[in-house]
Every structure is written in structure tokens, then in C-alpha cells.
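Enquirer: This is what each chain is made of:
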Amino acid sequence: MASISEEIKNHGKHDDHHDDHHHEEHFVSKYIFSQDHKMIGKQFLITAVFMGVIAMLLSILFRLQLAWPGESFETLSFFLGEKWAPEGVLSEDMYLGLVTIHGTIMVFFLLTGGLSGTFSNLLIPLQLGARDMASGFLNMLSYWFFFLSSVLMVVSMFVHTGPAMAGWTIYPPLSALPQAISGSGLGMTLWLFSMAIFIAGSLLGSLNYIVTVFNLRTVGMKMTRMPLTIWAFFVTAILGVLSFPVLLSAALLLIMDRMAGTSFYLSDIIVQGEMLTNHGGSVLLFEHLFWFLGHPEVYIVLLPALGLSSEIIATNSRKPIFGYRAMIASILAIGFLSFIVWGHHMFVTGMNPFLGSVFVFTTLLIAIPSAIKVFNYLTTLWRGSIIFTPAMLFAIALVSTFITGGVTGIILADSALDIAIHDTYFVVAHFHIVMGMSAVFGMFAGVYHWFPKMYGKMLNTRLGYVHFWLTLIGAYGVFFPMHFVGIAGAPRRYYNYSVYEEFDTNSLDMMMDLNVIITGFAIMAALAQLIFLFNFFYSIYRGPKAPQNPWNSTTLEWTTPVEHIHGNWPGDLPTVHRWPYDYSKPGSDVDFIPQNVPLAEGEEEH
Amino acid sequence: MESKLIVLLVIILGVIAIAQLVRVYELVSKLRDKKEHEITYRDNQLNAKLMLAFMFIQSGGLIYLMLKYGWTGRGIAASVEGIETDWLLNLNFVIVLFIFFITNALLFFFSYKYVKKPGVKAFYYPHNNKLEIIWTVVPAVVLAVIIVLGLNLWGDLTAESPKNARVIELYAKQFDWTARYAGENNKLGKFDYKLTLGTNELGLVTKETIDSALVDMIEGPTGINSIKDRLNNEKLVFNDSVISAMNVTLSRKERLARLLTQMKKHHNAKNDIDVWDDIIQKDTLYLCVDEPLEIKLRSRDIIHSAYFPHFRAQINCVPGIQTRMKFTPNITTKEMRKKMNNNKFNFILMCNKICGGAHYKMKMMVVVLNKKEFSKWWKNKQKDTFKNKYFGSSGA
Ligand code: HEM
Ligand SMILES: [Cu+2]
Ligand SMILES: [Cu+2]
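Sequences listed follow chains S and C, in order. For the first sequence, the working numbering gives the first residue as 1, with consecutive numbering after it. For the second sequence, the working numbering gives the first residue as 1001, with consecutive numbering after it.
Note that these hints are calculated values from the structure, not bench results. Just so it is clear, CB atoms sit at the ideal spot from N, CA and C, and this is done for glycine as well. Incorrect hints may appear among the rest.
To be verified - In the DSS-like style, the derived pairs of lysine-lysine whose C-alpha atoms are separated by at most 30 Å in a straight line are:
(1) C:K1049 to C:K1035
(2) C:K1035 to S:K545
(3) C:K1387 to S:K42
(4) C:K1387 to S:K457
(5) S:K83 to C:K1363
(6) C:K1387 to C:K1326
(7) C:K1130 to S:K222
(8) S:K83 to S:K222
Stated by the list, open to error - Using C-beta positions, here's what the derived DEER-type ranges look like:
(9) S:F339 to C:D1384: 27 to 35 Å
(10) S:E71 to C:N1225: 49 to 57 Å
(11) S:G220 to C:E1038: 39 to 47 Å
(12) C:E1038 to S:L527: 23 to 31 Å
(13) C:L1131 to S:F336: 54 to 62 Å
(14) S:S72 to C:W1378: 42 to 50 Å
(15) C:E1026 to S:F137: 39 to 47 Å
(16) S:E71 to C:M1365: 23 to 31 Å
(17) C:K1117 to S:D572: 54 to 62 Å
Required output: the full structure, derived from the provided sequences and hints.
Expert: Given below as C-alpha cells:
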């Protein structure tokens, strides 16, 4: 690795002399097959935004069905056609298809690829003082794998047997047997191949991030002087490297069961009158493998968001993040613990109850570092001098949803209680708030905060405010009521709740009331995203030019010129002399001291 | 079509309108020399106040929902275990809501209170070990309590059933449930999926059922012989893909037939009585109040999940393995109707693991009878043992 990093350093030095403006690059190598981390970060962002819009649209389509079951909607036939929405009514199978693809895109494409792909790429070299990633080529490959997998996932929605329909968790045998549901035919095959490619790309990316963090920190950038963003990306990458291969094996074994007649997951099955000979396979094996990734995945989604918000909250409170070292320790503890809690998804699968108890214990342990993080955020705000940039608003909202979703996790982690609410809408509410909303808010916060760094332009602040408040209210409006639908007992992945007519109409009435409210808020929140999209694309072209350090931040990315150059810094790389949180330090007349400013005489490091 | 055009037009006009507004805003900013990255005093104050308002909206909204929709949704627990579950659930809710209200309120209140004010500098406060230890230890203690109580209950819920528990099997398939009550000796007979036939839907193992499965596999309408006949029949012409599909089916069936032959060889008819006295029940599951139940579950095709919301009981049905649960219903359907103030109320068994298009319709009605009613029903059922049904000699 050393040779690569040397090369980049030398390359940078060599560049310094003759170009502040980089020599004209060819369009293709600059915008398409770029190896520059800043461009790759933007590619990830745009792709993820595109995928996110699709996933959001899907959720609106199936929410229409949930709120007004059986009613005819032109929107539905417009997007889905006669086959999947005959006379404007969503078909049963397609309902499950939409839910599955919605979940898959949101979790993997928007919040794994999009969030950590965008910001790890943009910020790791910039905040560490590196010219680029350790390997620009692998980095480029990682994006193109991501792109290819996105294309496959989108294509899978258009095949004639429909997309994968077994839920984003794709439990076999449902996902293994096309006889069981039409989406388990070609749609599932594409899903599996898309995810396999996605994983390959994600591994390339993660390895690159890890190597870069280890090797390319600039002079003085000790691990204990890294911004919390970098710590978060770093631990995220390690989680990815350790857990995604397990998902890949799970997927490969499933592919074999589907195509090569093996029995890893199948045993004693009769489906649609056909008696299969598979014997001895175990569904629980799949569930273990899936959740061995699945749970760390939650933190792969969440940690980058928390990292971004740490940075943003410190900057805009004009205070150091409280308990920097405790924050690092929490990130590491969460990272470690996230590998030994996966069984909490399996309390009612038939897994040995004793094993269940062990997972209760480890899961509740993870609440401790999470609580520490929350308290540290609160204390950072305390006696701050808060500036409400749109990024700051989103970062605060993230803390709120992290709490709100976190506390319901305490209930779900308690196996005895999980029995009563497992797989109900209570779970849907829980994971949307703690993982979905928190990570989305973190991502928005990141985009608002680093947009000037990405595009050299400013986003419109007022539109940002409108976007924020509508989104926050929409998010709670959608997911608060969902808890109550769940407590009422409503199972998830139900096309409608007509079965309630046969046993409890009161409960049904209440549920339908809530479902209409939820869908209303969902539509409002979705429309609010149009404001963001407009702001984003408009500002790329016409936004006012950004100053070099718009938020008066201490970290190194703001010492680079506004115009992007290859190698990031025109002259020598900056040298780091202090931690990244010297905001409002007593004895200094400015309220922030960038990391590259040497300690004044007699000044102590924090 | 026209409506689509109109919608499209509205969207385009909307975008243009916003763009124009933004242009105006930018021009005004330029005139006033306002920079996008400098947040004005007014904007800051506005957002601070909105933060405070949101604190009230959020907690108020939750309280409203709790009052209006609260715990009533699925009604009181109707089993001994469910009552314990609800007690712990409520306790945990109290703890969790307390944390929720305090921390969220602090978050929004701090955001409001400490908004930037002219002349006030932020307080440099990088860490405080004492505080950090406090908020490590306090959550740890609270969690310890939660864990101990939780595991205690979990132990109870998953423990062995008492000896006198009634044994019932629930058999799941796309998209319905079948129940099988253990007969007189309270012992369920054995099963093997290879024996599944129209006359033996649950694949129960007896000498006779093995024989008929074997006969069906070899001589039945889609059995081995008929496939072979068709393959060898020169009058029938198939294309290659059909032929290869037939060959695959053939070898699958031959393999199954071999397994059945072995089973037949090793079968010990002594235990057949366990099967013969079992009682198979569809559509409605009748239970007896205050009678402990030991429920065994399995699935014919894919994963399903047996979910009894009112008994607070749930476990997956997994092809290839048998799972179990136990509970003791303690309220009859009649009593529950009174309590729920709804004379059409019923207990229910729903499928709660995605299992295909009609997943949402996969249910079985559940009726809890008092002791007298149940023994009457049970006595009446004795003429419907598997044996009587199988040999078609039930007097019905
Ligand atoms: C507009 C905002 C959103 C709405 C209205 C929404 C709504 C829903 C609903 C109603 C379901 C179906 C639940 C079920 O039947 O099991 C669902 C599933 C899901 N959603 Fe969302 N969602 C939104 C955003 C998100 C985000 C941001 C994420 C990112 C984590 C996400 C991840 C998921 C996942 C993983 C599933 C489960 C899919 C499955 O059951 O296989 N959603 N969503
Ligand atoms: Cu988990
Ligand atoms: Cu089912």
C-alpha cells in the first residue's frame, strides 16, 4: 500500500508547480470514468437520489392501497399498467413486489450506497488531508458496480413475472420457489445478481476507505485527531467488510438452491401440489446468515449519519462535541456489539429459546453506547450558540428520531415482548424511525452542509427551511400513528386488513382511520422532497457561488479551494496541529480555530 | 389522457413559478447584500421558536394518539401468559415513554434556548468524566432491570408445558390452516411429508397411508408409470423441453418412490393408533378455557407464522422442522365479546410471515368455549377421527 500512497503524494507534489487550474481533462475521464474521489462522491449521490425517488414513489403507490383498499386510482394504472393494477387497483402480488423493492432500494441503494458512498468518498481524503483515495481505480470500480447493480434492480421491476416479492429479507423457501409467488422467478434472479454486484462494489469501496484512513492521513492527523465523521466512516467500512461477504454467501447458496438443485435451505416441501425431494436444508441457516449482515447493516446505515451530524452539531453550536473520546468509544462499542445481536430478529423463528436469551442480553447492551451518544449530543447543544442552518436542523432532527426509534427498540429487543408485536406495524414504525428517518435526516444534513464543497455553490436556505419542517412533520405524522396500528396487532406485509371484518370491526375502524392519516402525511412528505430536488438541481447550476469556508468550520476540507482540483490542495498538504473541535476556545478571539493552525504560544491542546 | 396532460402542465408551471420566486429572492438578497451562508438573526429566531413549537407538537401529538387509540386496539390479553406479557409490556412502555419525553423535550428546548444571541459566546465544554460515567451507569442499571424481568418471563413462556396440556398441531400451507387434535391418548401421530395425498392431507404415517402413497406414486394418474407410458408412446410427439421436464419429474418421483419403499420396510405399525385417533379440524379452532395448550407447528410449503394477537402468542411454521408454543386461554369468546363491547368479536389465528399473494387472507377463526361446551363439542367430534374419515365410515 505504501507505494500507492507514495505515488499519490508525489503525484500531488508534481502537480503543484504548473497548475492551479488542472489541465483540461477529457469529458469521459472527468465526468464518467472519473477516478477523482470528489467526482465519485457526487456520482454516488446523484445515483442514490434517483433510486431514492423511485423507492419513495413506490411507497406512495402502496400506501394508496393501504389507505383506500380496493379503490381505483389512475396513478396506479399509470405507473403499473393493466397487468399489475387492473382497473387502477393494485394487485396482491404487486403489492408485495412494491414493498420489497421499496425496502431494498431504501436500505441498500439509498442509505448504504448513497449515504456512505457519497460522504466517505467526499470527506475521507478531504478531512484527512489526502490527495485522493488510496486507489482511485478501485474507487471508480466501486461506483460502477453500484451503478450496474442499480440498473439491474430497476430493470427487475419491469420483467413480466414482476420483481422480487419475498420482502427485502428474501427468506426462502418463498424466495426460492417460483411456484410459490410469481416474483420468485426472473425477478428474484435479477434481485440476487443485483445484490451480488452491489456487495462486490461495496467491498471495494470499504477496503479503500479503510486503507486510506490507515495510510493517507496527513502529518499531525493522529487517529485521535480525526473528525468523528471519519471515525464513523471508518468503523462503517469495517462493518461492511466483515458482514457483507456473509450476505453474499447467503445469496450464493440461495442461487444454488434455485438453479443447481441443492438443498441448503429447503427441506420436505410440497408446493402447488409438487412434492420436492429436497431434504435436510435449513431455513434458519438462511435467517442466521441474512441477519448476520442484516443487523450490522442497520449501523452501516446509521453510523455515517451520526458521524455527519456530530460534525454539523459541533460546528453550528460553535462548541466542541461533548465527550469526543466517549463518542469514539461508543462508535467502536456499537460496531463491535452490532455483530453479536443479530438473533433479535429471530426470537419467534423456532430458534432455541436459550440462544434467544443471549441475544436479548447483547442487544440491550447496545443501548448503552447509544444512550451515551444521545446525552453527548444534548450536552453539546447545551449553552451553545446555535445557528440554524438547514443542515443543523436536520442534524437535530436526527437526534430526535434516533431517540424515538431507539426507545421502541428496547421493547422489541425483549424477546418475551417481541412475541406479541413481532412483524406488526410496530416494528415497521420502529425501524423506519430509527434507521430510515435518522439516516435520511443525516443524509440531508450532510447534503446541505457539504453542498458548497461538492458543487462550489450554495443551496437556497429558505427552501431548505420549508423542506425541513415539512419533512420533519411528515416523518412523525407517518410513523407515530404506525406504532398504534402495530399495537392494535396489525401484521405487516398485508395487502389489506379485510380479515378484521370477520373478528373485530372496531379495531378495523381505528386502523383505517390511522391508515388514511398516515397516507396523507406520506404524500405531504413526498411532495416536500420535490422542493429539495428543485433546490438541489437549480442550485447546482444557478446557486450563488460558495465562499471557501461558509460555516466557519475547523476541518481540513474547508482549506481547499472552492474550485475542485485534482489532488485537492494546490500547494503542500496541510499539517494538522490540533483536534477538530476548537470552537469558542477560551483565549482565542475567533470562535473557531482550524485544524491546520499551530498551537499559539502557551496554548494547550484540548 | 387529458387529465395526465393537465397534471403535467401544472407540474411544469409549478416548477417555473418556484424558480421565479427563487430568482426574486436572490435579487432581493443581492440588493440587501445578504449571503446565503449567513443565517440572519430573524431566521435563527424563527427556527428556534419553531423548535419549541415542535416540542409541543411532538409530545402533544403522541399524547393525543395514546389517549385516542391507546392500548385498546387489540383488547385485553385473553390468556394467562398474555396477562403477564401485557404487564411487562406496560412497565416497559412507562420506562420508555419517560425517556422519550425527557430527552426529546431537552433536545428541542436546548435548541430553542441556546440559539445564537448577539454578544453571547458558546461555552467551551469538551468533556466531563463524572457526567459521562453517570449516564453510562444509569442506563446500564435500568437495562439490567429490564433484562432480568424480560428473561424471567421469556423463560416462562418457552418452558415445557404441564403434563396435562392438550396437544394440538397447527399445519400451515398457502393459504390456510389445519388443526389436528391429539386423540384419546393425547399423543399426536407421526407424519412424513412424502405421504401427503388428497386423502391424507397432513401426511400422517400408518401402514395404510404408506401403501396408498406408494401406489399413487407409481400407478397414480400422474405417477411414474403414466409418465413412462407417455414418454414411450410413439403416437405422442413432444418438443425437447417438455421431454426433459418430464424426465426431471420422472427421476424425482422415482427417488420419492424409493424412499417410500424404504419407509414401508421399516414401518412399525404398533404406533399407528396414535394417528388413527387424531382429529383433524378446519376453519375454526375450538379451545377450552383454562386448559393449557401445547401447540406443535409445521408447514407444508414455505414459512408461515402462527399469530394469535389476543393470546399474545406467536411462532413461525417452518418447512422441515417442527416448532412449538404454549398458552392457556382464560377468557371465553362470549366473555370477551362482553369485555370488548362488541357482540361480533372473535379470536383469530392470522398468518404473520409473508407467504405469497393471499398472505393477508390466511386465517383461522378461534373460539374459546367453556368447559361444558367444549366437552360436548369434543364428544361429538369423536366420530370424526382420522380413522373414520380415512376409511369413509363416519356415520355422518
Ligand atoms: C416516504 C417515506 C416512507 C414511507 C411512507 C414508507 C412506508 C413503508 C410501508 C408502509 C412499508 C410496508 C411495511 C410492511 O407492510 O411490512 C414499508 C416497508 C419498508 N420500508 Fe418504508 N417507507 C418510507 C421510507 C423508508 C425509508 C427512508 C427506508 C429506509 C430504511 C424504508 C425502509 C423500508 C423497509 C426496509 C421496509 C420493509 C420492506 C419489507 O417488508 O420487505 N422506508 N415502508
Ligand atoms: Cu437488528
Ligand atoms: Cu402464510
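Enquirer: With reference to the structure, classify each hint as holding or not holding.
Expert: Structure-based check of each hint:
Between C:K1049 and C:K1035 the alpha-carbon distance is near 23 Å, which keeps this suggested pair within the 30 Å criterion. Among the hinted pairs, C:K1035 with S:K545 is consistent with the structure: their alpha-carbon atoms are about 10 Å apart, no more than 30 Å. A hinted pair counts as satisfied when its Cα atoms are at most 30 Å apart, and C:K1387 with S:K42 does not qualify at roughly 71 Å. For the proposed pair C:K1387 and S:K457, the alpha carbon gap of about 81 Å is over 30 Å, so the pair is violated.
Among the hinted pairs, S:K83 with C:K1363 is consistent with the structure: their alpha-carbon atoms are about 27 Å apart, no more than 30 Å. Proposed proximity of C:K1387 and C:K1326 is supported: the alpha carbons are some 27 Å apart, at most 30 Å. For a cut-off of 30 Å, the pair hint linking C:K1130 to S:K222 stands: about 26 Å separates their Cα positions. Distance check on the hinted pair: S:K83 and S:K222 sit about 59 Å apart at the alpha-carbon level, beyond 30 Å; violated.
Distance hint check: the CB atoms of S:F339 and C:D1384 are about 52 Å apart, inconsistent with the given range 27 to 35 Å. Look at S:E71 against C:N1225: about 53 Å separates their beta carbons, and that is inside 49 to 57 Å. For the hinted restraint 39 to 47 Å between S:G220 and C:E1038, the CB-CB distance of approximately 31 Å leaves it violated. The supplied range of 23 to 31 Å is met by C:E1038 and S:L527, whose beta-carbon atoms lie about 29 Å from each other.
Here the CB-CB span from C:L1131 to S:F336 is close to 24 Å, at odds with the stated 54 to 62 Å. Evaluation of the 42 to 50 Å hint for S:S72 and C:W1378 yields a pass: the beta carbon distance comes to about 48 Å. Roughly 41 Å separates the CB atoms of C:E1026 and S:F137, a value that falls within the hinted 39 to 47 Å. The beta-carbon spacing between S:E71 and C:M1365, approximately 28 Å, falls within the hinted interval of 23 to 31 Å.
Taken as a hint, the range 54 to 62 Å is violated for the pair C:K1117 and S:D572, whose Cβ atoms sit roughly 40 Å apart.
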